[in-house]
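> Chains A and B are the protein sequences, given in the same order.
Counting in my numbering, the first sequence runs from 1 upward without gaps.
Counting in my numbering, the second sequence runs from 1001 upward without gaps.
Hints should not be assumed to be uniformly reliable.
[What the hints assert, rightly or not] Partial list, computed: chain A residues near chain B (C-beta under 10 Å):
1. Arg-18
2. Cys-37
3. Phe-58
4. Glu-60
5. Ala-63
6. Ile-64
7. Pro-102
8. Ile-103
[Stated by the list, open to error] Some, not all, of what chain A presents toward chain B, calculated at C-beta under 7 Å:
9. Ser-4
10. Leu-5
11. Phe-20
Keep in mind that the hints were calculated from the coordinates and are not lab data.
This one's a predicted model, so the numbers in the text were calculated from it and none came from an experiment.
Even for Gly, the Cβ is constructed at its ideal location relative to N, Cα and C.
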Amino acid sequence: MTDSLYQEVILEHYRNPRNFGSIARATHTARMYNPLCGDDVVLTVIIKKNTLSEVAFFGEGCAISRASASLLTEYIKGKKISDLRKVNQSVILSLLGIELSPIRMQCALLPLKALHKII
Amino acid sequence: MIDVKKIKKDFPIFEYHPDLVYLDSAATSLKPRIVIEKEIEYYHEYSVNIHRGIYSLAERATQEYENVRTMVSYFIGARDPSEIIFTRGATESINLIAYSLGRQIVSRGDEVVTTIMEHHSNFVPWQMLAFEAGADFKVIDIDENGELKIKSEKAKVSLEGIVTKKTKILAITYVSNVLSIINPVKEIVTEAKKINSHIIVIVDAAKAAPFIRINVSDLGADFVAFSAHKMLGPTGVGVLWGKKSLLTSMFPFNYGGGMIEEVTLTKTTFRDTPYKFEAGTPHISGVIAFGAALQYLKTIGLDEIKTHEEELAHYTLEELKEVFGSNISVYGKTVERTGMVSFNLKNIHAHDAAQMLDEFHIAVRAGHHCAMPLHKRLGIPASLRASFYIYNDEKDADALVQALKKVKERLQP
Chain A
1 MTDSLYQEVI LEHYRNPRNF GSIARATHTA RMYNPLCGDD VVLTVIIKKN
51 TLSEVAFFGE GCAISRASAS LLTEYIKGKK ISDLRKVNQS VILSLLGIEL
101 SPIRMQCALL PLKALHKII
Chain B
1001 MIDVKKIKKD FPIFEYHPDL VYLDSAATSL KPRIVIEKEI EYYHEYSVNI
1051 HRGIYSLAER ATQEYENVRT MVSYFIGARD PSEIIFTRGA TESINLIAYS
1101 LGRQIVSRGD EVVTTIMEHH SNFVPWQMLA FEAGADFKVI DIDENGELKI
1151 KSEKAKVSLE GIVTKKTKIL AITYVSNVLS IINPVKEIVT EAKKINSHII
1201 VIVDAAKAAP FIRINVSDLG ADFVAFSAHK MLGPTGVGVL WGKKSLLTSM
1251 FPFNYGGGMI EEVTLTKTTF RDTPYKFEAG TPHISGVIAF GAALQYLKTI
1301 GLDEIKTHEE ELAHYTLEEL KEVFGSNISV YGKTVERTGM VSFNLKNIHA
1351 HDAAQMLDEF HIAVRAGHHC AMPLHKRLGI PASLRASFYI YNDEKDADAL
1401 VQALKKVKER LQP
């Protein structure tokens, strides 16, 4: 039996996502949608002085995409834009702490793609 | 009665994965040993090309290959083996019609009709044909039970207002690969031809051929397509049955070797059907092994298979409803279903459920099952589908239900 993808950290972020919602006075908004599985994520952020000061997300999707969004928003809050540009797939995987098949990788990367639309 | 324990011994995959609960036969069936061995036999003993050599090995290969054509014709009640064309799969069979016939007969202002419950392989070829020809693309909707909206008030099939004199093509699936519904294909064909005697009716039988006794002569359609791999045969082999008069008048789909009568610098003439549709070296070993699959199916009996998988699906559905109650949505009508159940657990994405079921060695399909228009119509991005075949029993259904309970415990927010 392979190790479960659904490690406690992922389940925990799935059940209690951080920064869930949207920011009314957001400076930037981006939405990413994967029609193949219906994962849908909207990222709203406030960027001031080259720093991402606030972030929130909402949307529907699987546990992997939601946990990934939750972990990502925690990770990027307060970071400089130049640092955010360096956030890539391996950062997401280390936040999630799991290996993913190519199909499920799409779920995990959806929030990151939304972030890259913004910055 | 199907002896599942005995049948499982015929499928080598269970020796490698004794715990496997395979509930994805609607995607592809597992393969019995005799099919695998028949394919190997060709490569070991007579792996030469067909329809070409004058030597005895070539004659044997040709004979084995052509025998299967005859077997298929008996299997589906075709009058003449030359009406059987081997393709790469149902998808290619349907594309063949769309290109070789569709593009000859459909023009601007005509209509091409299909249904919302089609697999993409019987939807997109017609959508593209209509788009290219400037024809109207009409899609028959479903009702709240998931059945096609083709019933008049007396519950008789009526295609009034759907099929018209301008409808050149009606493409319809025999069995929905999501909704577990068997369409009244014979009645649909009869009604369509009553309205427009020139209409060409294409039946996608990919999900029907594994368990329904098809009689193409009785069905009345012009073309029937299905795949070997969903009925115990190898991947890469499909069948297109067509009425001989149509096949004779159609142009080839592919040009190349094996389908030529004469080639000169100025023109080429083609062999008769079925050879003009089988350009190039076909999947010889696959076709020959498909013959072994047909024999195996015949030994068990399609009627027995149908009863077996319907009972299993019914049992599974009852168990699921009992355990999950209002926390489960089942798609398609809840009685008289074929051997599959498509559903979602409340607030749990199908991909998560399927991934977790894999941890219990349970293989189900999750996604849109190549039926995006239908999923959109149902208002869901994805569903879970458990489909059953001859090697499944109630233990598999129980394993699914028990594992889903654990999935719910872990994933429900």
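> It remains to establish, for every hint, whether it holds in the given structure.
Results for each hint:
For the restraint placing Arg-18(A) at the interface with chain B, the shortest Cβ-Cβ distance is roughly 14 Å, beyond the 10 Å limit, so the hint is violated. Interface restraint check: Cys-37(A) against chain B, minimum CB-CB distance 6 Å, threshold 10 Å, status holds. For the restraint placing Phe-58(A) at the interface with chain B, the shortest Cβ-Cβ distance is roughly 14 Å, beyond the 10 Å limit, so the hint is violated. Look at Glu-60(A): its Cβ gets to within about 8 Å of chain B, closer than 10 Å, so that hint holds up.
The restraint placing Ala-63(A) at the interface with chain B holds, with a minimum CB-CB distance near 5 Å, inside the 10 Å limit. For Ile-64(A), the interface hint holds, since its Cβ comes within 10 Å of a Cβ in chain B; the closest pair sits about 7 Å apart. Interface restraint check: Pro-102(A) against chain B, minimum CB-CB distance 13 Å, threshold 10 Å, status violated. At a threshold of 10 Å, the smallest CB-CB gap from Ile-103(A) to chain B is about 8 Å, leaving the interface hint in force.
Given the 7 Å rule on beta carbons, the hint for Ser-4(A) holds: about 6 Å separates it from the nearest Cβ of chain B. Hint status for Leu-5(A) relative to chain B: holds, with the closest Cβ pair at about 6 Å, below 7 Å. At about 11 Å, the closest approach between the beta carbon of Phe-20(A) and any beta carbon in chain B exceeds 7 Å, and the interface hint on this residue is violated.
The structure shown violates the earlier hints numbered 1, 3, 7, 11.
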